Each structure stands twice: as structure tokens, then as C-alpha cells.
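Protein chains in written order, with my numbering: chain W, 10 to 510; chain U, 316 to 778.
Think of the hints as simulated: they come from the structure by calculation, not from any bench.
It is possible that part of the hints are untrue.
PhoX-like mimics (lysine-lysine), calculated; alpha carbons at most 25 Å apart, straight line [as the list claims (entries may be wrong)]:
id: 1; chain 1: W; residue 1: 135; chain 2: U; residue 2: 744
id: 2; chain 1: W; residue 1: 56; chain 2: U; residue 2: 658
id: 3; chain 1: U; residue 1: 457; chain 2: U; residue 2: 658
id: 4; chain 1: U; residue 1: 750; chain 2: W; residue 2: 189
id: 5; chain 1: W; residue 1: 53; chain 2: W; residue 2: 131
id: 6; chain 1: W; residue 1: 189; chain 2: U; residue 2: 652
id: 7; chain 1: U; residue 1: 735; chain 2: W; residue 2: 131
id: 8; chain 1: W; residue 1: 131; chain 2: W; residue 2: 56
id: 9; chain 1: W; residue 1: 135; chain 2: U; residue 2: 735
id: 10; chain 1: W; residue 1: 135; chain 2: U; residue 2: 667
id: 11; chain 1: U; residue 1: 652; chain 2: W; residue 2: 53
id: 12; chain 1: W; residue 1: 131; chain 2: U; residue 2: 465
id: 13; chain 1: U; residue 1: 457; chain 2: U; residue 2: 652
id: 14; chain 1: W; residue 1: 135; chain 2: U; residue 2: 750
id: 15; chain 1: U; residue 1: 457; chain 2: W; residue 2: 189
id: 16; chain 1: U; residue 1: 652; chain 2: U; residue 2: 750
These numbers come from a predicted model, not from an experiment.
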Amino acid sequence: MGCESLKAMEQLLIMNPLNFPILSTTIFLPLIGAMLILLMRNEKAIKVTGLITGIITFVVSMLIYFNFKTDTYHFQFGEHIPWIPAYNINYTLGIDGITIFLILLTTLFAPICILCSWTSIKERFKEFLFCILAMETAMIGVFCSLDFILFYIFWEAMLIPMYLLIAVWGGPRKDYASIKFFIYTLFGSVFLLVAIISMYLTNGTFSILSAMYKDYGMTFQIWVFLAFAIAFAIKVPMFPFHTWLPAAHTEAPTAGSVFLASVLLKMGAYGFLRFCLPVAPKASIYFAPLMIILSVIGIIYGGFVCLSQTDMKKLIAYSSVAHMGFITLGIFTFTLFGLEGAMLQMLNHGITTGALFLCVGIIYERTHSREIYDNAGLGKIMPIYVGFFGFFSLSAFAFPGTNNFVGEIYVLIGTFSQHKTAGFFAVVGAVLAAAYMLRLLKQIIWGRVDKRVIADMKIREIIYMIPLMLLVLWMGIFPRPFVAVMEKSLSFLMTQMRTYY
Amino acid sequence: MLILPELNIFLFSILLLFISISKVKENILTYAKLLSVLAFLVSLLSITENGELFSGAYRIDLFSQVFKMLIMAGFCLVILMFKNKREIEEGFLPEYFMFLGFSALGLMMLVSSVELISIVLSLEISSYSLYVILPIRNAQTKIQIEASMKYLFFGAVSTGIMLFGMGYLYGIAHSTFLSDIVLVLPEFLSQPIGIIALVFTLTGFFFKLSLFPMHFWSPDIYEGASNNTTAFIGTLPKIAAAALLIRITMLAFPGSMQLINILIILAALSMTFGNLVGLVQKDIKRLLAYSGIAHAGYLMMGILALSKDGNAAAVYYMTIYLFMNLACFYVVILISKTGENVKIDDLAGLSKRSPLLALLLAVSAFSLAGIPPTGGFTGKLFLFTGAFEAGHLPIVLIGAVNTVISIFFYLNLVRMGYSKDVAVAEPIKLATHEKVLCYLFIFLIIYMGIMPSGLFEVFKASI
């Protein structure tokens with residue numbers, strides 16, 4: 010390995026202090042569980058093994074959280090093994106304040122996704138679980154990788170199980186949605202690959218750490234930024250690259266939608282934070298106005314489109330476009346408030362939208378319809394369900410006391426300090442969010458009333474909703490512990506960017 | 316024993332000839348399979364051989380031995396994949412295997428040849444055997460006749476062009492030995508005669524590789540030939556052609572811009588044409604033919620870099636292409652009941668009929684498309700890096716965009732296998748050895764994806 014990349018690693022990476030490779034364990038535990046499942050035949054055993062794998066992975070990831078040092082911006086729990094020496098490709102892992110919560114989000118949602126599919130997936134449960142767990146491995150891998158090729162492999166490998174989830178277990182237009190999803194994301198990814206190769210030819214290594222915080226020429230930065238940005242903007246998705254999202258969300262089975270909304274979209278925003286800003290700071294500033302305009306358009310456009318939806322799932326999918334707009338808006342204000350807000354919103358959107366998709370899944374399993382009108386007037390029939398639904402709806406439009414309120418405030422403070430107009434439009438978007446969520450809520454609770462008998466939420470469903478509910482409240486009322494963990498990494502990112510202005 | 320692998324495959328073929336006139340004819344399939352595994356092992360054992368024969372016209376070094384090993388691996392797999400005796404006209408089975416063996420022998424001789432006349436001879440040994448076995452197929456429509464005529468005519472024309480180019484090479488160097496040509500060629504490459512000589516010489520191998528514009532034969536021949544023959548024609552000659560392309564383009568090192576430009580244009584046209592036409596195919600074998608044309612373009616990206624890394628990348632890509640392509644053909648062979656061609660629509664409900672075959676198809680399709688963690692991705696990564704390193708960004712971008720175009724039809728295969736259901740899903744029963752072969756393919760494709768280091772180092776050392 011090159012001398013320079015070693016130096017960068019010493020500067021930024023703390024090797025693993027624990028006695029076992031905890032990051033590799035977290036990444037590959039789900040895959041091992043998935044392999045085990047393939048060998049099994051008993052339906053019940055398969056379900057239980059899958060769930061236990063998910064829970065163990067979550068527990069292991071909590072170990073990371075408890076051993077995480079919040080007083081440093083360094084990457085922690087580092088692991089480094091040479092992999093393809095001919096091209097200086099290494100198996101390098103490490104996490105910092107930006108990634109740790111994204112990993113926790115993934116490991117939290119995996120068992121939830123398994124639980125929510127417990128009865129709704131009727132056929133090929135084995136393969137379904139395999140896809141879910143394989144995807145979990147790839148997602149955690151994406152957040153832990155500190156080598157471009159490793160990152161890219163996880164990033165792309167995740168497409169396969171997600172594609173299969175939509176294509177095999179999806180709704181009526183699954184073919185269209187799954188292929189659209191795959192081609193859109195792959196289109197972005199190949200440019201990402203070209204950018205990665207050009208980084209290698211400049212640095213002589215695929216190490217992410219040694220590629221960060223260097224004074225590249227402006228032309229190089231602009232091209233690299235554009236190549237990265239296409240990939241990440243499609244993943245986020247930013248307006249006008251969002252058209253794959255409603256189709257994919259609507260057709261995917263509940264677990265797929267939840268994973269898509271909670272984790273997959275975050276990978277795009279994470280890419281902006283991890284690659285665009287540190288590698289191409291000048292180009293990021295150069296393109297910031299464009300990114301902010303696109304974000305604001307996304308917020309407003311998403312809001313208006315939501316107002317006209319009759320399909321619950323589609324409504325929530327489009328609301329993701331708006332919410333993700335807040336995240337990219339926060340990132341491209343280049344203020345600490347904006348960045349922290351963006352990070353918080355990534356978690357918030359993951360939790361809240363994930364929960365809303367779970368709610369839609371619960372009702373869809375019972376009525377086999379996602380139309381708002383078909384599911385109207387549930388207030389009397391399903392009180393518990395409506396309670397949860399209402400709660401997460403409040404959170405979705407940033408009701409004070411819920412998590413999204415804190416995140417949006419952070420983003421708005423950051424935005425107003427830099428771009429007043431953009432801030433103004435973002436506030437309009439927030440109002441729109443209240444409008445469409447309340448409209449949905451009103452229909453679902455009070456709308457048409459008849460004498461249908463629909464079973465209320467079961468214990469299993471309540472169990473996986475409760476942690477999400479607690480998180481919404483915790484982050485809404487006392488967000489300090491969350492901010493504290495990510496603060497050092499983000500402020501380091503800020504100072505480094507300023508150095509290379 | 317320097318030419319042990321060649322000798323071995325020669326004896327193998329002769330033995331099959333004797334079997335064809337003997338009484339043990341019934342068990343021919345078993346014998347052929349055993350012998351082919353033996354042939355592969357022998358080629359593996361002689362990988363470290365080194366030396367020259369026939370006054371330096373025949374070189375045995377790591378480069379040639381690696382390629383012989385690959386050719387034998389492919390040959391062995393093609394024979395092992397053979398399932399249906401009814402596919403071949405009755406009574407021709409021993410001859411069929413014999414000519415396959417001769418063709419493989421020609422290819423093995425080709426990668427060791429470092430002299431123009433022996434190159435032509437080896438190429439023709441391989442081609443003539445294929446001309447013979449192409450029409451031996453039990454098809455109702457007689458498309459195999461048309462296919463074999465086409466292969467013969469196009470093959471003859473491309474050989475003619477190649478000989479024309481070689482005549483010029485001889486004129487330039489006054490020698491038929493590549494080692495002499497390499498001394499004078501670089502200075503001639505700035506003149507039209509050098510370019511014409513080299514490009515025309517390469518044409519014969521473009522034909523084998525089915526690179527644009529020498530690709531016309533491939534879709535019809537893929538469609539017309541029996542499934543196993545197609546698997547052979549679709550992979551093995553391409554490996555040998557890649558070897559010779561590397562050998563001959565390296566003559567142009569340290570690089571003539573005109574030659575590189577020509578190769579870039581051919582590569583770009585080949586992948587774009589192959590992928591675009593691939594989008595509308597209905598027959599899997601035709602689809603694979605167009606995919607082969609596209610992959611020839613990808614492969615050229617490594618070769619036109621004219622560097623050690625680029626060439627090693629090309630060899631790596633050829634190796635993974637061998638496995639993923641044969642894996643696709645294996646699915647075709649196992650699905651087709653009587654050796655008929657398989658349409659893409661016939662894949663519907665495959666995951667219900669045989670989960671293993673559906674998985675194999677998915678893995679090989681994702682690999683052909685270049686999605687990690689399969690070998691197709693790692694190979695493409697090496698190719699892209701090699702071409703980029705040599706300063707050819709445009710072709711890398713074209714390759715990247717082509718990857719996206721191609722995903723459409725590769726994904727279509729997976730989609731048919733997994734999400735399309737049929738009313739009556741008749742299960743496909745696989746024998747144990749067939750299952751083992753399926754798992755072997757899956758393992759190889761994924762192994763080459765995540766653990767490329769060892770093989771890549773060997774290839775790099777061999778260049």
C-alpha cells in the first residue's frame with residue numbers, strides 16, 4: 010500500500026480496540042443466518058432463525074454503540090486486510106459519528122421487517138428472508154466500508170435482493186417497478202464507478218480515507234462531483250431523478266418499502282456527506298445553489314403531489330421525496346446546524362416513514378387495498394391502529410415534541426442563516442406536509458363509516474411499533490445524545506471543508 | 316513433456332474414433348466425460364512447462380499454458396454439460412466428440428504459435444473441425460445447414476483477409492516469426508501499410524471473437540448449432556482469439572495511436588451494437604450471441620490499453636466470461652427437452668420448476684451484466700481501470716453506459732425466471748452430477764468476484 014494512504018489511515022482511523030472484529034461480525038451475521046435458512050426446510054424454524062439472526066445482529070450493533078467514543082472525529086473499530094494487492098484494494102472498515110446511527114437504523118429495521126412479513130408473505134418465505142438478510146449485510150457493509158471498491162460492491166450487491174423483493178413479492182405492476190428501479194440506480198452507479206476509478210488513478214489507492222481532504226484541481230473536482238452526485242441524487246432521490254421511487258415503493262412488499270425508505274434512501278444522502286463534500290469541497294460549493302434549488306423543488310413538488318394522492322402508499326412515497334429534500338437542503342447549506350439537521354432527518358425519516366409504511370402494510374394485509382377511500386373511517390373499528398397511525402402522522406409533519414420537529418428546525422436554522430429564500434420555500438413545504446398528512450389522517454379516522462369488521466393490531470404488530478414510537482418521542486424531546494455522537498465528525502467535516510475552500 | 320496437453324487431447328480424439336468403430340459405443344458419453352476431466356487435469360499439471368519447439372515456431376510458456384488450461388477447462392465443461400444424446404444425429408456421437416477434441420487441439424496449438432504459418436494452420440485445424448460438427452444436429456428445421464454454410468463462408472473470407480494482412484507483415488519483416496516482426500513493426504505503424512497489415516491480420520481473430528464488424532455469423536450460428544456446439548463455439552475459440560489478439564497487438568507496443576483508435580472504434584461499435592440488438596431478442600441463444608458481440612467489445616478495452624494490467628484484465632475477463640457464458644448455456648441445455656432452442660418465454664416459472672437452475676441463471680445473468688459481487692463485475696472493474704489508466708476515458712464511459720443498456724435484457728432473463736409464473740409448472744429433475752455442476756458454476760462465478768487476487772496475479776505474471 011502506498012505510503013500516503015498509510016499516513017491517512019493513521020491520521021483518521023483508530024484500529025479496533027475490541028478483541029473481535031465487531032464490524033465484520035455485524036456485517037456478515039445476517040448473511041450467515043441467510044445461508045443457514047437456505048439449508049432449512051421447516052417453515053417455522055426458518056421464520057424463527059431469521060428473526061433471531063436479525064435480533065442478534067441488532068444486539069451486536071448495540072455493542073458498537075456502547076463502545077463508541079463520542080469525543081473524537083476519528084473512524085473507529087477499524088479493520089484492515091489487504092484484498093486485491095494488484096490494484097491496492099483493501100478490506101478496510103471503520104465507522105464514525107455519521108455512520109453509527111445509520112448502522113443502528115439498519116439493524117433495528119431488519120427484525121422489524123421480518124416481523125411485519127410474518128403473515129403477509131404467503132409464499133417462498135425462505136427466499137424472502139434470504140433477500141432481507143442479504144440486503145441487511147449489504148447495507149451495513151455500505152456504511153462500514155472505507156475502501157471504494159468494497160463500498161461499491163456492497164452498494165451494488167444490495168440491488169439484487171431489493172430487485173428480487175420487488176420483482177417476486179411485489180404488487181401488480183412489479184415488473185415495471187423493479188426493472189425501473191434497477192436501471193435507474195445502476196445508471197447512477199456506473200458513473201460512480203468511473204469516478205471511483207479516476208480517484209484510484211489520482212491517488213494510487215482505492216482507500217476512501219486517503220482520498221478525502223486533499224487539494225484536487227477544480228476541473229477534477231467538478232467532474233468527480235458530478236459523477237458522484239448523479240449516483241447519489243438518484244438514490245436519494247432528488248427531483249428530477251425521483252420517478253423510480255413511487256413505483257418501487259408502491260409495488261414493493263411492506264418489508265421492501267420499509268427498507269427502501271428507512272435505509273436505502275439514506276445511502277444517497279450518506280454518499281453526499283461521505284464523498285462529495287470531503288473529496289470535492291470546492292465543487293460542492295460551486296454546485297450548492299443548484300443542489301439547494303433541486304432540494305427545494307423536491308420539497309414543494311413532493312408536497313403538492315402528495316395532496317392529490319388517493320393511494321396511501323404512494324402518498325407516503327411522495328412524501329419521502331419532500332422529506333429527503335430537507336436532508337439534501339441541510340447538507341448543502343454547509344453549516345453545522347444544517348449538517349446535524351440533515352443527519353437527524355435521515356434518522357427521523359427512516360423511523361417515521363418506515364413506521365408509516367408498516368401501518369399501510371398492516372391495513373393492506375387486512376383489506377387488500379391501499380386506497381384511502383377503501384380504508385376510510387377506521388377510527389371506531391381499529392382504535393389502536395389509528396392511534397399509532399395518528400402518532401406517526403404527527404411525527405411526519407414535524408409536530409413539536411416529535412423527532413421530525415427537531416430535525417426540521419435544525420435544517421431551517423441552517424438554511425435561513427445562508428439562504429433566506431430557500432428557507433422560506435422550505436417552510437412552505439413544511440406547511441404542505443401538515444396539509445397532506447392531516448388530510449390523510451382525517452380520511453382514515455373519520456371518513457366513511459360502515460359496519461365492516463377488521464381485526465385491530467395484533468400483539469406482534471404492536472411489539473414492533475413500540476420501539477419506533479419510543480424513538481420518535483426520545484429524539485423529539487431529548488435529541489442531545491444523538492447530536493452529541495455525530496457532532497465531532499460533522500464539525501471535523503466542516504473545518505476540513507473550510508481548509509480547502 | 317512440453318506438448319503433453321496437446322498430445323493428450325489428440326489421443327483423446329483418436330481414442331474416440333476407435334470407440335466409434337468398436338462395440339462399447341453405448342457408453343461413449345461416460346468415456347468422453349472421464350477423458351475430458353483427465354485432459355483438463357493434464358493441462359493443469361503442465362502449467363509450469365517452458366520451452367520452444369519447431370525452430371522457435373511453437374512457444375510453450377506460462378502465457379500459452381494458462382490459455383491451454385482455460386481452453387481445457389472450457390472443453391471439459393462443455394463435455395460435462397452434454398446431456399441429451401438425441402440432440403446429435405444418431406450414430407455421430409463419437410465423431411462429434413472427436414471433432415470437438417480436434418477443434419480444442421487446434422485452439423491449444425494456436426495459443427502456442429508464435430509464427431504466422433503455424434498460427435494459420437492451428438486456426439484452420441480448429442475451424443475445419445467446427446465446420447464438420449456444426450450440421451450434426453437433430454433439428455426439425457434444418458437451420459443447422461444454413462448456420463454451418465454461413466460459418467464456413469464467413470470463416471473462409473476472414474481467413475482470406477487475415478492471410479492478406481499476414482502477407483503484408485511478411486513483406487515488412489521478411490520473416491514469419493513474430494519475434495522478428497516485433498522488431499520492425501512499430502516503425503511501420505505510422506504508415507498505412509503497417510496498420511493495414513496488422514488490422515487485417517487481427518481480422519481473423521475478430522471473426523473468432525465475433526467482434527464488430529466480423530460478428531455477422533454469430534447470431535445465426537448460435538441459433539442453428541446444437542446447444543452444446545454453441546456453448547463450445549461461443550466460448551473456446553474466443554479464448555484462443557483473445558490470446559492471439561494480445562500476442563499480436565503487443566507487437567505494436569509501445570503503441571501506435573492509429574491502431575489504438577481503430578480498436579477503440581471497433582470496441583465501442585461492438586458493445587453498443589451487441590447490446591442494442593440484444594434488447595429485442597426472443598431466443599436465448601441469439602441473445603447470448605449478441606451478448607457475446609458486446610462482450611468482445613468490453614474485452615477489447617483491456618487489449619487496447621496495450622499494457623500488462625490491461626492484458627491481464629482481458630485474460631481475467633475472458634476466464635469469467637467462459638464460466639458465466641457456459642453457465643447460461645447449461646441452463647439452456649438443461650431446460651431444453653430434446654435439444655431444441657429455448658425461447659426467453661420458456662423461462663417463465665423457472666424458479667418453481669427448478670430453484671437451482673433459476674439461481675444459476677440469475678447468478679450468470681447478473682455476472683454477464685457486471686453486478687457485484689459476481690466475477691463479471693470484478694472483470695469489468697479491471698478492464699475499466701486498465702483502459703482508464705491508459706488514458707481512454709471515452710471508451711470507459713461508453714462501456715459504462717453499455718452496462719446499463721445491457722442490464723435490461725439480462726434482468727429480463729432473471730425476471731422471467733423469478734416473477735413470471737406459468738399455470739402448469741412441470742418440475743425439472745436434475746441428476747446429482749448436474750446439480751454438482753450447477754453449484755460449481757455458481758461457486759466459480761462468485762469466487763472470481765470476491766477473490767480475484769490469486770488468478771489475477773497468475774495472469775499478470777503470464778503476460
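Now the hints, each set against the structure:
Restraint check for residue 135 of chain W and residue 744 of chain U: the C-alpha separation of about 21 Å stays at or below 25 Å, so the hint holds. Restraint check for residue 56 of chain W and residue 658 of chain U: the C-alpha separation of about 37 Å exceeds 25 Å, so the hint is violated. Taking the CA atoms of residue 457 of chain U and residue 658 of chain U, the gap is near 18 Å; set against the 25 Å cutoff, the hint holds. Distance check on the hinted pair: residue 750 of chain U and residue 189 of chain W sit about 33 Å apart at the alpha-carbon level, beyond 25 Å; violated.
Taken as a hint, the residue 53 of chain W and residue 131 of chain W pair is honoured in the structure, with Cα atoms around 13 Å apart against an allowance of 25 Å. Only pairs whose Cα atoms come within 25 Å are accepted, and residue 189 of chain W paired with residue 652 of chain U is rejected, the gap being roughly 34 Å. Restraint check for residue 735 of chain U and residue 131 of chain W: the C-alpha separation of about 17 Å stays at or below 25 Å, so the hint holds. Straight-line distance between C-alpha atoms of residue 131 of chain W and residue 56 of chain W comes to about 12 Å, which keeps the hinted pair within the 25 Å bound.
Of the supplied pair hints, the one linking residue 135 of chain W and residue 735 of chain U holds, its CA atoms being roughly 19 Å apart against a limit of 25 Å. Distance hint between residue 135 of chain W and residue 667 of chain U is fulfilled; the C-alpha atoms sit about 13 Å from each other, no more than 25 Å. Using a Cα cut-off of 25 Å, the hinted pair residue 652 of chain U and residue 53 of chain W is violated, with the two alpha carbons roughly 37 Å apart. Pair hint residue 131 of chain W plus residue 465 of chain U does not hold up; C-alpha atoms about 51 Å apart against a cutoff of 25 Å.
About 18 Å separates the Cα atoms of residue 457 of chain U and residue 652 of chain U, which keeps this hinted pair within 25 Å; it holds. Note on residue 135 of chain W and residue 750 of chain U: the hinted pairing holds, with a Cα-Cα distance of about 20 Å set against a maximum of 25 Å. Restraint check: the Cα-Cα separation between residue 457 of chain U and residue 189 of chain W comes to about 40 Å, which exceeds 25 Å; the hinted pair is violated. For the proposed pair residue 652 of chain U and residue 750 of chain U, the alpha carbon gap of about 17 Å is at most 25 Å, so the pair holds.
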